[in-house]
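J.: Sequence:
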Amino acid sequence: MVFKVLLFAYRKPGLSPTEFRHHLEGTHMGLLKRLFGAAFPISHVRRYIHRSETDQSGDAQHHHPATVLAGDQSDFEYDVISELTFENEDAFKEFFAKYQSEEIAAAIREDEERFLDSGKLRAVVLGEVHETLR
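Each residue of the sequence shown is one higher than the one before, starting from 1 at the first, in the UniProt record's numbering.
These are computed hints drawn from the structure, not numbers from a lab.
Predicted model only: the values in this text are computed from it and were never measured.
Beta carbons are placed, not taken as given, at the ideal position from N, Cα and C, and that holds for glycine.
Keep in mind that the hints are not guaranteed to be accurate.
[What the hints assert, rightly or not] Straight-line alpha carbon distances no greater than 25 Å define the calculated BS3-like cross-link-like pairs of lysine-lysine that follow:
id, residue 1, residue 2
1, Lys120, Lys93
2, Lys33, Lys12
3, Lys93, Lys12
4, Lys33, Lys4
5, Lys98, Lys33
6, Lys98, Lys4
7, Lys4, Lys93
8, Lys120, Lys33
9, Lys120, Lys12
10, Lys120, Lys4
11, Lys120, Lys98
[What the hints assert, rightly or not] Simulated restraints on C-beta separations:
id, residue 1, residue 2, range
12, Pro13, His130, 15 to 25 Å
13, Gln100, Val2, 17 to 27 Å
14, Gln73, Gly119, 16 to 26 Å
15, Arg47, Glu128, 15 to 25 Å
16, Gln73, Gly14, 34 to 44 Å
17, Glu128, Thr27, 29 to 39 Å
18, Leu126, Gly71, 16 to 26 Å
19, Leu69, Ala107, 35 to 45 Å
20, Arg134, Arg109, 40 to 50 Å
21, Gly71, Ala107, 14 to 24 Å
With these hints in hand, go ahead and build the complete structure from the sequences.
T.: Okay, here's the thing in structure tokens:
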């Protein structure tokens, strides 16, 4: 049975949504694949919040507002939701042990400092997943 984790990540203050996305896609994902090798998830899907590319406010919380259909801007301060899928819980545990190792953790932190507000990063294990198709 697959094991899934959701990550909610926030861009570093001062970065545009495009700069954040370009670094995550162009640099960080390659670094993660190299560091984790065979322990990398079988799938790492990233879903970016749609944001205005124009900085519309001097208030840091509302820079590049999200296209909110229900709720408030403050409900959508994160910039990307990542879904990591592992073969099973043991595969996740192998990944997480590597993630916590001193060498890998240091390399990840060094890169994250360039684009991510790591103090706000949140992660949760998913339970059942149901999908309804047309």
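J.: Now tell me, hint by hint, if it's right for this structure.
T.: We went through each hint and held it up to the structure:
{"no.": "1", "hint": "Lys120 x Lys93", "result": "22 Å, holds"}
{"no.": "2", "hint": "Lys33 x Lys12", "result": "22 Å, holds"}
{"no.": "3", "hint": "Lys93 x Lys12", "result": "28 Å, violated"}
{"no.": "4", "hint": "Lys33 x Lys4", "result": "17 Å, holds"}
{"no.": "5", "hint": "Lys98 x Lys33", "result": "12 Å, holds"}
{"no.": "6", "hint": "Lys98 x Lys4", "result": "17 Å, holds"}
{"no.": "7", "hint": "Lys4 x Lys93", "result": "12 Å, holds"}
{"no.": "8", "hint": "Lys120 x Lys33", "result": "23 Å, holds"}
{"no.": "9", "hint": "Lys120 x Lys12", "result": "10 Å, holds"}
{"no.": "10", "hint": "Lys120 x Lys4", "result": "20 Å, holds"}
{"no.": "11", "hint": "Lys120 x Lys98", "result": "21 Å, holds"}
{"no.": "12", "hint": "Pro13 x His130: 15 to 25 Å", "result": "37 Å, violated"}
{"no.": "13", "hint": "Gln100 x Val2: 17 to 27 Å", "result": "22 Å, holds"}
{"no.": "14", "hint": "Gln73 x Gly119: 16 to 26 Å", "result": "20 Å, holds"}
{"no.": "15", "hint": "Arg47 x Glu128: 15 to 25 Å", "result": "19 Å, holds"}
{"no.": "16", "hint": "Gln73 x Gly14: 34 to 44 Å", "result": "18 Å, violated"}
{"no.": "17", "hint": "Glu128 x Thr27: 29 to 39 Å", "result": "34 Å, holds"}
{"no.": "18", "hint": "Leu126 x Gly71: 16 to 26 Å", "result": "21 Å, holds"}
{"no.": "19", "hint": "Leu69 x Ala107: 35 to 45 Å", "result": "38 Å, holds"}
{"no.": "20", "hint": "Arg134 x Arg109: 40 to 50 Å", "result": "43 Å, holds"}
{"no.": "21", "hint": "Gly71 x Ala107: 14 to 24 Å", "result": "36 Å, violated"}
Checked against the numbered hints above, the structure violates hints 3, 12, 16, 21; every other hint is satisfied.
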